Amino acid sequence: MSKNSSDISNKISRYLQIIVFAVLALSFIALIFGVEAYLMGNGTVAIYLILIGALSMGLAVYVLYQSRKRVEKLKTEDTKVMTTIECRKCKTKDLREFERGDFVFKELGKCDKCEENKIITAIYKEIKNKEKPFTI
Amino acid sequence: MAFAPGTDIVSQIIYAASLMLFVVFMLYGQRIQFYVMIREVENSLRKLKVIKEKGRKTAIETIKEIGKPETDPTSKVDRYLEYFTISPQSMDPAGIVYKLDHILDVRDNRLKDEVKLIAPASDEVQVFNLENTLEAAMALNFIYRIVRHFYIQGKKTLNMYIILQLQMILPLVMKEAEAYANALEAFAFGQPIGDGVGPLIAARLMQGYETRRVPKDCVVATLPFEGRTALVLKARGPGGNVGKPGDAVKELIEENKGKIAMVIMIDAGLKLEGEKVGEVAEGIGAAIGGPGVDAFKIEEVVVKYKIPLNAIIVREDIGDAVSPMRKEIADSVDNVLERMRNVVNERTKEGDKIIIVGVGNTIGVGQ
Ligand SMILES: [Zn+2]
Chain A
1 MSKNSSDISN KISRYLQIIV FAVLALSFIA LIFGVEAYLM GNGTVAIYLI LIGALSMGLA
61 VYVLYQSRKR VEKLKTEDTK VMTTIECRKC KTKDLREFER GDFVFKELGK CDKCEENKII
121 TAIYKEIKNK EKPFTI
Chain B
1 MAFAPGTDIV SQIIYAASLM LFVVFMLYGQ RIQFYVMIRE VENSLRKLKV IKEKGRKTAI
61 ETIKEIGKPE TDPTSKVDRY LEYFTISPQS MDPAGIVYKL DHILDVRDNR LKDEVKLIAP
121 ASDEVQVFNL ENTLEAAMAL NFIYRIVRHF YIQGKKTLNM YIILQLQMIL PLVMKEAEAY
181 ANALEAFAFG QPIGDGVGPL IAARLMQGYE TRRVPKDCVV ATLPFEGRTA LVLKARGPGG
241 NVGKPGDAVK ELIEENKGKI AMVIMIDAGL KLEGEKVGEV AEGIGAAIGG PGVDAFKIEE
301 VVVKYKIPLN AIIVREDIGD AVSPMRKEIA DSVDNVLERM RNVVNERTKE GDKIIIVGVG
361 NTIGVGQ
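First to last, the sequence lines map onto chains A and B.
All the letters of the first sequence, read from the start, carry residue numbers 1 to 136 under my numbering.
All the letters of the second sequence, read from the start, carry residue numbers 1 to 367 under my numbering.
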């Protein structure tokens, strides 16, 4: 979308990442304690610790994966608006980025090859990542 | 004391905790749900504020860049954003269209004058574009204020149903706000938007022909089309402008004393989910949005002279309609022209006079 809001989403995902990594570290410690407890022969405690460790680790990885996906989605939404310039006589076609003051059917300077004026024939944005179709 | 079959202290504690949790959820479940909803609304509201602030900033920066004001325009822009319009009283609806028309005219003039004051160095096209930009910022401001109102009201009264209603419509509100934010950028740069497909097609037909101005802020060209004479009408570009096609069509028909074989209106039509952007569809009736004044006037005059009214629409959703024109929409032009030729050939005779109206905001489209 926009620069500003993607800044904010970056900030949010940075906080999120810190939290997720903290949870990951804690769950790792829980797993280690669990294994230790198991080796010590304390079966019930070991099961609880391993269960909690595995669960929170799974959760952390899932959240991380989701936030990555969202950031990627934000990045691909940025598309450029393009201006098509044509010479009607020699049928040449140029594509460049939109500039302020461009409008469709605006006459620009002389064509390089002939005396005819060049003209803007189209201004559009092309969305590369199409939304997924619902086939029903 | 044993809660559970297990005897060790850990399982006892966990069992007791799960019982407690059950009781808590039973007593405070709805309250918890309420806070979750409030949090969700709060996040959206915060996002709305960011969108609104960004729109305001863009508007101010654009004014500084092309308007070259001597003083800081910020306070004037803020005043502009709070501008409101009171719609006419409808207790006795007879004649309300012309009242509404008048109010909209006054509003339009007032806003344009204000833009000229805020941005003295801007030319006519830029005044139109800046007015559109500020109007998008105004819409964002309005949405933010309304959502904030219901959020605070819901929180103050702890009324779940106010928050619930807000939360239910929030996805649609957010979509609309994002559409306005995109529109604002497009207006600030003067880029053609999806809604401009009607004027784009009209301009394509007008190429190489003389145009003349008709009221209000519209242009018309007379040209041959499939052996018929076509009066092609659009709002005057490339400034952001929808014109008043209602008045223009009325004048053209009156000029020709009603001897018009057909009126064809081309517009962007709202697509439903699941339909493709840029699809072309045909129908009957006045294809024109807005407050309904233009549709009313066109219907009135075609009924008076019994002229058939045809419509061709290009499908796009609200977001596409106000953000920079998508390629699919720009590419639909040939398709629309083909459909128009078919309609004209099937429904009129050679030598007839027809009116073709390209409806929509002509920003970034000349003639
Ligand atoms: Zn050339």
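Please keep in mind that the hints were generated in silico from the structure rather than gathered at the bench.
Treat the numbers as computed from the prediction; the structure is a model and nothing was measured.
Each residue gets a CB set at the ideal place from its N, CA and C atoms; glycine is no exception.
Wrong hints could be hidden among the right ones.
Claimed, not checked - Calculated lysine-lysine pairs in the DSS-like style (CA-CA distance at most 25 Å, straight line):
#1 327(B) x 91(A)
#2 349(B) x 128(A)
#3 47(B) x 80(A)
#4 349(B) x 257(B)
#5 257(B) x 69(A)
#6 271(B) x 80(A)
#7 132(A) x 327(B)
#8 349(B) x 80(A)
#9 106(A) x 216(B)
#10 106(A) x 327(B)
#11 80(A) x 257(B)
#12 57(B) x 125(A)
#13 216(B) x 128(A)
#14 132(A) x 276(B)
#15 93(A) x 47(B)
#16 327(B) x 125(A)
#17 69(A) x 91(A)
#18 327(B) x 128(A)
#19 132(A) x 349(B)
#20 80(A) x 175(B)
Said to hold, decoys possible - With the Cβ distance kept under 8 Å, some of the chain A side facing chain B (calculated, not the full set):
#21 48
#22 52
#23 86
#24 87
#25 100
#26 103
#27 104
#28 127
Hint-by-hint comparison with the structure:
Annotation: proposed proximity of residue 327(B) to residue 91(A) holds, straight-line Cα distance about 20 Å (limit 25 Å). Between the alpha carbons of residue 349(B) and residue 128(A) the distance comes to roughly 44 Å, so the proposed pair goes past 25 Å and is violated. A C-alpha spacing of about 24 Å is found between residue 47(B) and residue 80(A), which places the hinted pair at or below 25 Å, so the restraint holds. Under the criterion of a C-alpha separation no larger than 25 Å, the hint pairing residue 349(B) with residue 257(B) is consistent with the structure, at around 18 Å.
At most 25 Å may separate the alpha-carbon atoms for a hinted pair to count; residue 257(B) and residue 69(A) exceed this at roughly 63 Å. Taking the CA atoms of residue 271(B) and residue 80(A), the gap is about 24 Å. The hint holds against a cut of 25 Å. Among the hinted pairs, residue 132(A) with residue 327(B) is consistent with the structure: their alpha-carbon atoms are about 18 Å apart, no more than 25 Å. Only pairs whose Cα atoms come within 25 Å are accepted, and residue 349(B) paired with residue 80(A) is rejected, the gap being roughly 45 Å.
With a CA separation close to 22 Å, the supplied pair residue 106(A) and residue 216(B) stays within the 25 Å bound. In summary, the hint linking residue 106(A) to residue 327(B) is supported, as the alpha carbons are separated by about 19 Å, within the 25 Å threshold. Under the criterion of a C-alpha separation no larger than 25 Å, the hint pairing residue 80(A) with residue 257(B) is inconsistent with the structure, at around 48 Å. A distance of roughly 24 Å separates the Cα atoms of residue 57(B) and residue 125(A); the hinted pair therefore holds under the 25 Å criterion.
Proposed proximity of residue 216(B) and residue 128(A) is contradicted: the alpha carbons are some 39 Å apart, above 25 Å. Note on residue 132(A) and residue 276(B): the hinted pairing holds, with a Cα-Cα distance of about 12 Å set against a maximum of 25 Å. A C-alpha spacing of about 41 Å is found between residue 93(A) and residue 47(B), which places the hinted pair above 25 Å, so the restraint is violated. Distance hint between residue 327(B) and residue 125(A) is fulfilled; the C-alpha atoms sit about 6 Å from each other, no more than 25 Å.
Pair hint residue 69(A) plus residue 91(A) does not hold up; C-alpha atoms about 43 Å apart against a cutoff of 25 Å. For a cut-off of 25 Å, the pair hint linking residue 327(B) to residue 128(A) stands: about 10 Å separates their Cα positions. Of the supplied pair hints, the one linking residue 132(A) and residue 349(B) is violated, its CA atoms being roughly 45 Å apart against a limit of 25 Å. For the given pair, residue 80(A) sits about 21 Å from residue 175(B) by alpha-carbon distance, which is consistent with the 25 Å threshold.
Residue-level restraint check for residue 48(A) holds (minimum Cβ-Cβ distance to chain B is 6 Å; threshold 8 Å). Below 8 Å, beta-carbon pairs count as interface contacts, and residue 52(A) has none with chain B, the closest being about 11 Å; its hint is therefore violated. For residue 86(A), the interface hint is violated, since its Cβ never comes within 8 Å of a Cβ in chain B; the closest pair sits about 12 Å apart. Look at residue 87(A): its Cβ only gets to about 14 Å from chain B, farther than 8 Å, so that hint breaks.
With 8 Å as the threshold, the beta carbon of residue 100(A) comes within range of chain B, its nearest partner Cβ sitting at about 6 Å, so the hint holds. At its closest, the beta carbon of residue 103(A) sits 4 Å from a beta carbon of chain B; the interface hint therefore holds under the 8 Å criterion. Below 8 Å, beta-carbon pairs count as interface contacts, and residue 104(A) has one with chain B at about 5 Å; its hint therefore holds. The criterion of a C-beta within 8 Å of any C-beta in chain B is met by residue 127(A), whose closest approach is roughly 6 Å, and the hint holds.
Violated hints, listed in ascending order, are 2, 5, 8, 11, 13, 15, 17, 19, 22, 23, 24; each of the other numbered hints is respected by the structure.
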